[in-house]
Amino acid sequence: MTDIACIVLAAGMGTRMCSRLPKVLHRAAGRSLVGHVVTAAKDLEATRIVVVVGDGAEAIEAEVKDYSPDADIVIQSPACGTGDAASKAIPALDGFDGTVLVLFGADPLMTRETLGHMTQAIANGCRLAVLGFDAADPTGYGRLLTNGPDHVSGIREHADASEDERAITLCNSGVMAFDSQLLRELLPKIGNDNAKGEYYLTDIVGLANDDGEKVALVTCPEYEIQGVNTRAELAVVEAEFQRRYRQKAMAEGATLTAPETVFLSADTVIGSDVVIEPNVVIGQGVSIGSGSVIRAFCHIENAKIGESVELGPYARIRPGTRLAQNVKVGNFVEVKNAHLEEGAKVNHLSYVGDARVGEKANVGAGTITCNYDGFFKHHTDIGAGAFIGSNSALVAPVNIGEGAYVGSGSVITRDVDAGALAIARGSQETREGWAVRYNQVQGARKQKSAADKKKD
Numbered sequence: 275m276t277d278i279a280c281i282v283l284a285a286g287m288g289t290r291m292c293s294r295l296p297k298v299l300h301r302a303a304g305r306s307l308v309g310h311v312v313t314a315a316k317d318l319e320a321t322r323i324v325v326v327v328g329d330g331a332e333a334i335e336a337e338v339k340d341y342s343p344d345a346d347i348v349i350q351s352p353a354c355g356t357g358d359a360a361s362k363a364i365p366a367l368d369g370f371d372g373t374v375l376v377l378f379g380a381d382p383l384m385t386r387e388t389l390g391h392m393t394q395a396i397a398n399g400c401r402l403a404v405l406g407f408d409a410a411d412p413t414g415y416g417r418l419l420t421n422g423p424d425h426v427s428g429i430r431e432h433a434d435a436s437e438d439e440r441a442i443t444l445c446n447s448g449v450m451a452f453d454s455q456l457l458r459e460l461l462p463k464i465g466n467d468n469a470k471g472e473y474y475l476t477d478i479v480g481l482a483n484d485d486g487e488k489v490a491l492v493t494c495p496e497y498e499i500q501g502v503n504t505r506a507e508l509a510v511v512e513a514e515f516q517r518r519y520r521q522k523a524m525a526e527g528a529t530l531t532a533p534e535t536v537f538l539s540a541d542t543v544i545g546s547d548v549v550i551e552p553n554v555v556i557g558q559g560v561s562i563g564s565g566s567v568i569r570a571f572c573h574i575e576n577a578k579i580g581e582s583v584e585l586g587p588y589a590r591i592r593p594g595t596r597l598a599q600n601v602k603v604g605n606f607v608e609v610k611n612a613h614l615e616e617g618a619k620v621n622h623l624s625y626v627g628d629a630r631v632g633e634k635a636n637v638g639a640g641t642i643t644c645n646y647d648g649f650f651k652h653h654t655d656i657g658a659g660a661f662i663g664s665n666s667a668l669v670a671p672v673n674i675g676e677g678a679y680v681g682s683g684s685v686i687t688r689d690v691d692a693g694a695l696a697i698a699r700g701s702q703e704t705r706e707g708w709a710v711r712y713n714q715v716q717g718a719r720k721q722k723s724a725a726d727k728k729k730d
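Every letter in the sequence shown is one number past the one before it in the working numbering, and letter 343, counting from 1, is 617.
Do not take every clue at face value.
Once the Cα atoms are required to be at most 30 Å apart in a straight line, the calculated DSSO-like pairs of lysine-lysine come out as [stated by the list, open to error]:
(1) Lys463 - Lys362
(2) Lys610 - Lys578
(3) Lys634 - Lys602
(4) Lys488 - Lys522
Hints listed in this document are in silico derivations from the structure and should not be mistaken for laboratory results.
No experiment lies behind these values; they were computed from the predicted model shown.
Given these sequences and hints, build the entire structure.
This is the structure in structure tokens:
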């Protein structure tokens with residue numbers, strides 16, 4: 275297999291998205307559209323990645339660099355068609371001799387298998403390969419004209435097609451693979467004698483046929499070439515990613531009791547024998563260790579969940595959280611940027627932020643770590659085996675020693691030594707008979723008020 279380079283066309287703004295955000299930066303399954311495409315190129319072990327962007331595309335460049343720091347970014351200005359965009363990428367491939375794939379930054383569903391078939395066609399001796407698909411409704415798509423089962427003789431745009439040609443359901447995806455030298459030879463020959471005065475990369479198929487080149491046909495399912503031009507199409511892409519990721523998770527040993535209600539991200543890692551109950555949302559940067567149970571209505575992002583953890587229901591796990599083995603985080607608990615060590619428990623109605631909770635420590639219901647003073651975040655440290663009574667407030671920065679107890683309802687503002695008991699609440703006062711007298715007085719007032727209103 276020769277070296278592979280990928281040209282990613284990402285200059286379109288996507289006006290039909292009705293957004294200030296460039297089309298390729300919209301997200302599906304927790305990852306930008308162009309991020310999905312660049313990741314696919316990386317998975318294919320491409321040695322060169324060139325992304326073609328339009329004016330003012332600094333945000334796209336930054337996004338691309340997150341996934342591939344070595345990628346080259348080139349500017350197409352003004353936008354003059356896909357052929358012109360590919361031409362702008364050629365200088366960045368100086369010295370490259372191998373297979374070049376041309377991909378689209380808003381078409382994120384291409385699989386490694388399909389792209390591998392494209393590059394294999396070039397390795398097998400063809401110098402140009404076109405990716406086609408059988409369309410359920412071919413209206414609007416360019417039709418692939420073939421000469422035999424695996425040779426593309428031309429591409430006919432829908433507007434220019436005859437009635438017989440419009441009956442063809444084999445359509446052009448726009449994705450192509452080239453021998454790099456052929457691409458360099460044919461790009462300068464593409465003209466712009468068309469209604470828009472643009473240079474279309476699809477014209478290269480006719481040029482190759484004119485030169486006697488065999489143009490290979492590779493096909494894929496229609497859903498793989500689903501591009502995003504509207505919010506509705508973005509939703510279609512999201513649904514397909516979720517279908518794939520759910521199937522993968524279950525195939526690798528996770529139980530999703532209501533798969534259609536569980537939302538995963540492109541980088542979600544799920545161990546074996548994990549159980550995920552209905553209506554769980556998992557954002558970017560989450561790993562879940564084997565044997566853990568994620569109960570219904572949990573939300574998790576940028577967190578590491580260890581093995582045999584029990585989470586939820588209705589728990590929110592925010593960025594920077596690490597839950598060690600056998601941790602229990604219960605209903606209506608929020609954890610942010612905190613490390614809960616092995617066997618720790620935060621079971622009910624609590625907030626733990628910017629904290630460490632030691633091994634087998636217990637945080638009672640209604641407890642909060644008061645981590646923010648209006649300007650800065652502060653850390654709370656709870657030692658191993660400590661017991662925090664219900665409805666306590668730990669005002670950070672503060673340390674609770676190993677095995678210490680905090681009495682329920684306390685507001686802790688100073689460190690508590692290991693093994694000590696801290697109680698910080700007002701003293702209870704009991705007044706015998708007060709409630710009886712109070713009820714009598716108030717009851718009499720209410721009766722008098724009602725009588726006065728009746729007289730009026």
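Query raised in the report: Do the alpha carbons of Lys610 and Lys578 lie within 30 Å of each other, as the hint requires?
Result: 12 Å, holds
Report task. Take a quick look at whether Lys634 and Lys602 sit within 30 Å of each other, Cα to Cα. Result -> Satisfied, since the Cα-Cα distance of roughly 10 Å is no more than 30 Å.
Report task. Assess, step by step, whether the Cα of Lys488 is no farther than 30 Å from the Cα of Lys522, and give holds or violated. Result -> 37 Å, violated
Query - Lys463 paired with Lys362 [C-alpha distance capped at 30 Å] - result: Holds, at about 14 Å.
Going through the hint list in order, the structure does not satisfy hint 4, though it satisfies all others.
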